[in-house]
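Construct the entire structure; sequences and hints are all you get.
Sequence lines, in order, name chains G and P.
For the record, in the first sequence the residue sitting at position 7 is 7 according to this note's numbering, with numbers rising by one throughout.
For the record, in the second sequence the residue sitting at position 109 is 109 according to this note's numbering, with numbers rising by one throughout.
Some hints could be false.
[Stated by the list, open to error] According to the in silico footprint, chain G covers these stretches of chain P (three or more CB under 8 angstroms from chain G):
#1 44-55
#2 95-109
[Stated by the list, open to error] If you anchor each label on the Cβ, the simulated ranges turn out as follows:
#3 N51(G) - L80(P): 39 to 45 angstroms
#4 V53(G) - D57(P): 32 to 38 angstroms
#5 E18(G) - P10(P): 35 to 41 angstroms
#6 D57(P) - Q80(G): 41 to 47 angstroms
#7 N30(G) - D7(P): 44 to 50 angstroms
#8 P14(P) - E62(G): 41 to 47 angstroms
#9 N22(P) - N50(G): 27 to 33 angstroms
#10 E83(G) - G16(P): 36 to 42 angstroms
#11 G3(G) - K2(P): 26 to 32 angstroms
#12 P10(P) - E14(G): 32 to 38 angstroms
#13 R41(P) - P84(G): 18 to 24 angstroms
#14 I5(G) - G9(P): 27 to 33 angstroms
#15 P14(P) - N51(G): 47 to 53 angstroms
FYI, nobody ran anything at the bench for these hints, they're computed from the structure.
The structure presented is a predicted model; accordingly, all values stated were derived computationally and were not measured.
Glycine included, every Cβ here is placed at the ideal spot set by N, Cα and C.
Below are the chains, spelled out letter by letter.
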Amino acid sequence: DAGVIQSPRHEVTEMGQEVTLRCKPISGHNSLFWYRQTMMRGLELLIYFNNNVPIDDSGMPEDRFSAKMPNASFSTLKIQPSEPRDSAVYFCASRTAGTGVSYEQYFGPGTRLTVT
Amino acid sequence: RKEVEQDPGPFNVPEGATVAFNCTYSNSASQSFFWYRQDCRKEPKLLMSVYSSGNEDGRFTAQLNRASQYISLLIRDSKLSDSATYLCVVIAGGFKTIFGAGTRLFVKA
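Dropping the structure here:
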């Protein structure tokens, strides 16, 4: 299995531009998580989906952030407009869900976003 | 108060030393507990799950004390390759995942 795939791996953009981060979870996993990691705040859960449905988006910092999961194999995190304080590493993770299964989350390699 | 708190370190130890990390959590309804390891500029990876009975995997031992809402990780006979950040993770309600800020470990030759 290829693991969780994220693209792009690096993104440099100017303030005010729209940024779209992409994630392909591991095949067969039905839960997907978006995280943001910074030196100051550590690893923060932004939103998670179960069976393509957003369950909790209370971690999304502002209305500028939105996430979608149109099908089981693809999710996007969009920032519009982007600001310098959005600079961070954004991780996507997936896992199976249900009783009696491991809660281990498998992380993608992350997207390093720099907003100038 | 943060939902999951860890000593940020860094811990600087010589090879062969035993080192212990602690973690406390605030939500008494938390159900699952883990330790993840994160190498510099890499993604977090599961190190081990934490059970009430305690569990051991080679040089690593994890303990959970539900009454005190406390988790620990013990590393024996530290290796250079153990240098990393160790993240305490707590899950409540099946999905809500809270990561601690992590404890940095440096193992020196």
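Now the hints, each set against the structure:
1. A stretch counts as covered by a chain when three or more of its residues have a beta carbon under 8 angstroms from one of that chain; for the stretch 44-55 of chain P and chain G the count is 4, and the coverage holds.
2. Taking a C-beta to C-beta cut-off of 8 angstroms, the stretch 95-109 of chain P contributes 8 residues in contact with chain G, enough for the three needed, and the coverage statement holds.
3. Between N51(G) and L80(P) the Cβ separation comes to about 43 angstroms, which falls inside the hinted range of 39 to 45 angstroms.
4. Between V53(G) and D57(P) the C-beta distance comes to about 35 angstroms, which sits within the given range of 32 to 38 angstroms.
5. The hinted window of 35 to 41 angstroms between E18(G) and P10(P) holds, with their beta carbons roughly 38 angstroms apart.
6. Checked against the hint of 41 to 47 angstroms, the pair D57(P) and Q80(G) passes, with Cβ atoms roughly 44 angstroms apart.
7. About 35 angstroms separates the C-beta atoms of N30(G) and D7(P), a value inconsistent with the hinted range of 44 to 50 angstroms.
8. Separation of P14(P) from E62(G) is about 46 angstroms and conforms to the stated range, judged on CB atoms against 41 to 47 angstroms.
9. In this structure the supplied range 27 to 33 angstroms holds for N22(P) paired with N50(G), their Cβ-Cβ distance being about 32 angstroms.
10. For the pair E83(G) and G16(P), the beta carbons lie near 47 angstroms from each other, so the given range of 36 to 42 angstroms is not met.
11. For G3(G) and K2(P), the Cβ-Cβ distance of about 30 angstroms falls inside the hinted range of 26 to 32 angstroms, so the restraint holds.
12. Between P10(P) and E14(G) the beta carbon distance is about 35 angstroms. The supplied range of 32 to 38 angstroms therefore holds.
13. In this structure the supplied range 18 to 24 angstroms holds for R41(P) paired with P84(G), their Cβ-Cβ distance being about 21 angstroms.
14. Restraint check, I5(G) to G9(P): a C-beta distance of roughly 32 angstroms satisfies the suggested window 27 to 33 angstroms.
15. Separation of P14(P) from N51(G) is about 49 angstroms and conforms to the stated range, judged on CB atoms against 47 to 53 angstroms.
Taken one by one, the earlier hints fail for this structure at numbers 7 and 10, listed in ascending order.
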